[in-house]
Amino acid sequence: MIWNESIECMDREGLRKIQSIRLKKMVEYVYLNTPFYRKKMQEIGITPDDIQGVEDISKLPFTTKTDLRDNYPFGLCAVPMSQIVRIHGSSGTTGKPTVVGYTRKDLALWTECLSRCFTAYGADNKDVFQIAYGYGLFTGGLGAHYGAENIGASVIPMSSGNTDKQIQLMHDFGTTVLCCTPSYALFIADAIKDSGIPREDFKLKAGVFGAEPWTEAMRKEIEEKLEIKAYDIYGLSEISGPGVGFECEHQSGTHLNEDHFFPEIVDPVTLQPVEPGQQGELVFTHLTKEGMPLLRYRTKDLTALHYETCECGRTLVRMDRILGRSDDMLIIRGVNVFPSQIEDVILGLPEFEPHYLLTVDRINNTDRMELKVEVRPEFYSDEINKMLALKKQITSRLQSVLGLGVDVKLVEPRSIERSVGKAKRVIDKRKL
Amino acid sequence: MVAKQLSIFLENKFGRLTEVTEVLAREGINLSALCIAENADFGILRGIVSDPDKAYKVLKENHFAVNITDVVGINCPNVPGALAKVLNYLSEAGVFIEYMYSFANNDSANVIIRPSNMETCIKVLTDKKVDLLAASDLYRL
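Line by line, the protein sequences give chains A and B.
Every position in the first sequence, counted from 1, becomes a number in my numbering once 105 is added.
Every position in the second sequence, counted from 1, becomes a number in my numbering once 171 is added.
Hints should not be assumed to be uniformly reliable.
Unchecked claim - Here are the simulated lysine-lysine pairs, BS3-like style, with alpha carbons at most 25 Å apart:
| # | chain 1 | residue 1 | chain 2 | residue 2 |
| --- | --- | --- | --- | --- |
| 1 | A | K310 | A | K330 |
| 2 | B | K228 | A | K298 |
| 3 | A | K270 | A | K231 |
| 4 | A | K527 | A | K334 |
| 5 | A | K514 | B | K175 |
| 6 | A | K496 | B | K231 |
| 7 | A | K491 | B | K228 |
| 8 | B | K231 | A | K477 |
| 9 | A | K405 | A | K144 |
| 10 | A | K514 | B | K225 |
| 11 | B | K184 | A | K477 |
| 12 | A | K330 | B | K228 |
| 13 | A | K534 | A | K514 |
| 14 | A | K405 | A | K527 |
| 15 | A | K144 | A | K130 |
| 16 | B | K175 | B | K228 |
| 17 | B | K184 | A | K529 |
| 18 | A | K496 | B | K225 |
| 19 | B | K231 | A | K330 |
| 20 | A | K477 | A | K496 |
| 21 | A | K201 | A | K534 |
| 22 | A | K534 | B | K184 |
| 23 | A | K270 | B | K231 |
| 24 | A | K170 | A | K477 |
| 25 | A | K308 | A | K298 |
| 26 | B | K299 | A | K298 |
| 27 | B | K300 | A | K298 |
| 28 | A | K491 | B | K175 |
| 29 | B | K256 | B | K184 |
| 30 | B | K175 | A | K497 |
| 31 | A | K491 | B | K231 |
| 32 | A | K491 | B | K184 |
Since the hints were made in silico from the structure, they are not lab data.
Construct the complete structure from the given sequences, taking the supplied hints into account.
Here's what the structure looks like:
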């Protein structure tokens, strides 16, 4: 099913025309209304006249999270506060949160994007959505909420946490679609198993998982444990929240709503655009936003874009799974390590639970990685040798994938903290 | 003759062993024998308890990694050479011992064995008239 076929399946030439017209208008708009951008453009000697279409986009300056923090809280807003009807903020795990303001039109646009997502997942007005993303400043809860209501679904605004109640209502209200972080989905799967309620008493059929990077292996794990289809939803509060991108039934990449958010991939070091299909950092330019439009916002997410038409008929560009974040990448003894690589190894070994905790430390001037993993209950043995063999198996797999030694520690079941929001899987003590 | 032994995986973490014993105590389960095999990262507690099925259930509920393993308990005289004689029967029959633990009490000694092949082990020991402990006796030692 497709929510907005005329846009989602528009030929790429037509889409490019729309993007070009909107970009030109947007650049004039921010030049007039956002002193920050006027100054930035003046500094590099360009005026709105230099931007005639998307082919000129690389002339525009980049925007970073630091710019948002420097202009905290509302310095990047292009409208007076009287027109801002909603304020959200990023989770703000490192320092001040980044703040975003929405006008009434921005909220409508965001809702449209989510309606496209949910429709692509096969949901409609017969579905019951359980929104287990956090409500509040975090965009996940309310974003998904408005989108689900817009397609006519019945919405249970659960927010995150209180897992027993989540399961009870999921069961009693006949929830068909669960929205939460992928790590919370695994937590819920375990809790359902513990509850003793048989799976056939639940009506759950699909899950909408986002807000943290996850791997294909983790998708498989969730799909098997919860017996549902698990869809990726992509977004970031700076751009609008969840719904910037979504998967279709073919699960072959995340379609981006590029009629509203113009995506580019640049080399994170040289900042030069890369060829289609090449990996790099994802950058977005708002094409339609009123409240706080951003030019060339660097997401730090590393991925690649593919422009071929999808089997589902959508022409919207498809994004690869997020490989990691340029700022999450760990450099261990000069080697680049992404937490997603470790996750892939763990999920590839059936003997281990998908939860892990990686601690990086510097001991005697050498970087050390310690990985805590839980063995699945059925694989615990009463023989030390068998347990040591398990440990050796994962250690050597990690060694061959990462090219680095990792000190693996087998830990007791459920001793690694389960997360109801974004999972914290890496502790880098070197930065302290 | 075949007894159920609990095996519990424990991280080398302060107080963890205390927690196991407290969980068992709360449920009125008595430990009649135990040993710990350890290495740098973790230990495996093996124990014989008064009610293995109940112990297994409560430890699972408390999220311990617990397994039940079949072991055999024998009673032999507490004199030099008695154990050697029993072990000799087993090695001659090609039964390998994964692990064992024992304790002596006055004139006799109790030995708990985890053999590689339970069936052959029982047969050999029965044929040689070794004093095998009934599971129910073992739980009540």
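Hints the structure fails to honour
5, 10, 18, 24, 26, 27, 29, 30
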